[in-house]
Amino acid sequence: MKKILALVLAVLMVAAMFAGCAKKGEDKTAATGYDYEAIPNEMTSEDGKYQIALVTDVGDLLDKSFNQGTWEGLKRYASENGKSYKYYQPANGANATTADRYEAMKAAATNGAEIIIAPGFLQADALAQAAAEFPEVKFVFIDGWDLGLPNIMAIDFQEEQSGYLAGYAAVKEGYTKLGYTGGGAGTNPACCRFGYGYVQGAQAAAAELGITVDIKYSYNYGASFSASPELQTMLDGWYATGTEVIFACGGSMCQSAFAAAGANDGKVIGVDVDQSSQSDSVITSATKGLREAVMIACGDFYNGKWAGGQKTLGAKDDAVGLPTETWSLEKFTLDDYNALFASLKDGTVVVDRAYDTGLKNEAFANVNLEIIE
Amino acid sequence: MAYLLQNTLTYTIPLMIVALAGIYAERSGIINLALEGIMIMGAFIGVLVVFSFQKSGAFDQDGAMALMLLALVIAAVAGAVFSLLLAFAAIHLKADQTIGGTALNLLAPALALFLIKIVCNQSTLGMYTGNAASWFMLKKSDFGITGEMNLLQEVFLHKIYPTTYICIVLYVVLSIVLYKTKFGLRLRACGENPQAADSLGINVYKMRYTGVLISGALSGIGGFVYALTTANCASTANVAGFGFLALAVMIFGNWKPLSTAGAALMFGLCQCIAAGYGSIDINGDGKFALSVLAKKLGDSGLDAGAVFRLLPFVVTLVVLAFTSKNSRAPKAEGIPYDKGSR
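From first to last, the protein sequence lines are chains A and B.
For the first sequence, the numbering used here begins at 635 and goes up steadily by one.
For the second sequence, the numbering used here begins at 1030 and goes up steadily by one.
With the rest of the complex left out, here is chain A (with noise of 0.2 Å):
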């Protein structure tokens, strides 16, 4: 005994050794310009209602993707315009059911919520079904599509500008083995946009560069959007067998590819929300604004100018795009970025939105495409 507790001290005295080297303050507004992380996850209200209400969708509400960009951009508005917030997880985490959903909305409901955020497309049916019990509560479903309620606001995005701005973006800044693992087992219209974009901005590059790339294009080890031992050995080889850069698409499947990056020297590409903060490894994420969105659809709210049905953000909203001022590209300039987001934003440049025929049955001259099922 007496020996184990010399060892345990002995280890103790090491790690003394090395504290006291104090960590550098991250300036974590310097990504975004604004301080999410200031505003307080749990409030309680003096009412005890809730006025604005998120019902995540599966994964964690702080999974730096997905979830928390709606999150985030839920907080600015509650705390910049006075109002109370707070978030429900559905009951099962990754295996929510519909009536997972319904129960959390109906909670939000009965806890004084005048409009709930909901994102994710699975949301569907229990939006529909909470949405109709509730008539005088109004539903925002973020990357959804009309359900014919005039309490939900349905609002999707042009994942596939973002995507292709990404694609685009790497290929010229040189790289030409490419790859792309995405979320949801193909079944997430959202992941295969950024997917089939990216394919398709590639192809641009490349054909202007008069060039051949190589994409790797996945969504095995997806299904759930959380990272696993078996996702990180296919991306481990895809690096080791010469892949330079991966668009990791898809909630906390990002910690796979990170893990695999940093083996290897491999790069990422992030999605959804400005992923650079959490890895050297990443160059640049193809974001949408989740926030801007969620500010949006409050605002119209609180404004009174609500309005149900489908509304579609792009390049024309400033709703997708690449985070320039913490991009580590180098060749592909600001200059550049600008110019093409221009020509996307006045329609000179069309991106394809229809994955679902387009990724397999379009033949792409400049890349060679390899699907991996």
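Hints were generated in silico from the structure; no laboratory data involved.
Just so it is clear, CB atoms sit at the ideal spot from N, CA and C, and this is done for glycine as well.
No false leads were mixed into what you were given.
Take a look, some chain B residues computed to stay more than 10 Å from chain A by CB distance:
1. 1081
2. 1139
3. 1171
4. 1177
5. 1201
6. 1231
7. 1339
Below, computed lysine-lysine pairings styled on BS3-like, alpha-carbon distance capped at 25 Å:
8. B:1169 - A:811
9. B:1285 - B:1354
10. A:811 - B:1324
11. A:994 - B:1325
12. B:1324 - A:994
13. B:1316 - A:811
14. B:1188 - A:811
15. A:811 - A:994
16. A:811 - B:1168
17. A:683 - B:1146
Keeping the supplied structure of chain A fixed, place chain B upon it in accordance with the hints.
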């Protein structure tokens, strides 16, 4: 080839160290079904140590190795403490060991998830800053190697976590202890015929406690190694069934360290092939034979990916079918020792 071996090791190391944990418990006469649960606790505590010390700023990247060792030691202690629950129930209270182990397996994920939610308000506890690879992984530059490497160097001196060495050394040392020392012999005697051991003056209770504690510490280490090497140093209160796989590997290895290591290697190899078949280049000619095979399978209408993913389980079934005849568990395992029933 280096890729194949390295990723095989990634799966093998946690499997084999946890299987050894199983051997230590069962050789002392206690069935430790709780390997999975203890792994989960070990992974959680280890990651928690990394997270909190990073958060407090006590370690920066230069101290990464010390931090990793500290996390490993504390994970081992946590595993040992958690396994005390099983030891107390099974040895002191003479409870049914299978039920005790199952109870721990039910308790661990719930407890870990509960604590993770308290610590960081979400269901994944990761590193506070940085990535597992950039902090804890050793690259060839750390060994002063420049230029070309031979296969051995590429597998063992590049892109490797130091936990791999620690686990291999631990495995070898503890296997020798089990077979070549007085203590090992006594421990094994308690699992075969505790009455005889007792009659020669060995304290069976003490031996069994020791066996379970070592088992718990090793599982805790295994859990942290799993989190570190396959989950980017994050804990989700889940180790993907590696604890149960380790039990299977132990039975497969016939409760013997050498065969168990072989079984773990084989299983790791199959897992690696399943996940990375498209990138395996055996002879280094730039061609991926399995990928070509997968395409051919795909053309004939088979889902190639699914076929490869089935591999670990099919191989295990087949090998077990042929070897289980010779399988021999410690004779007294699972039976609470009662001094009076001599």
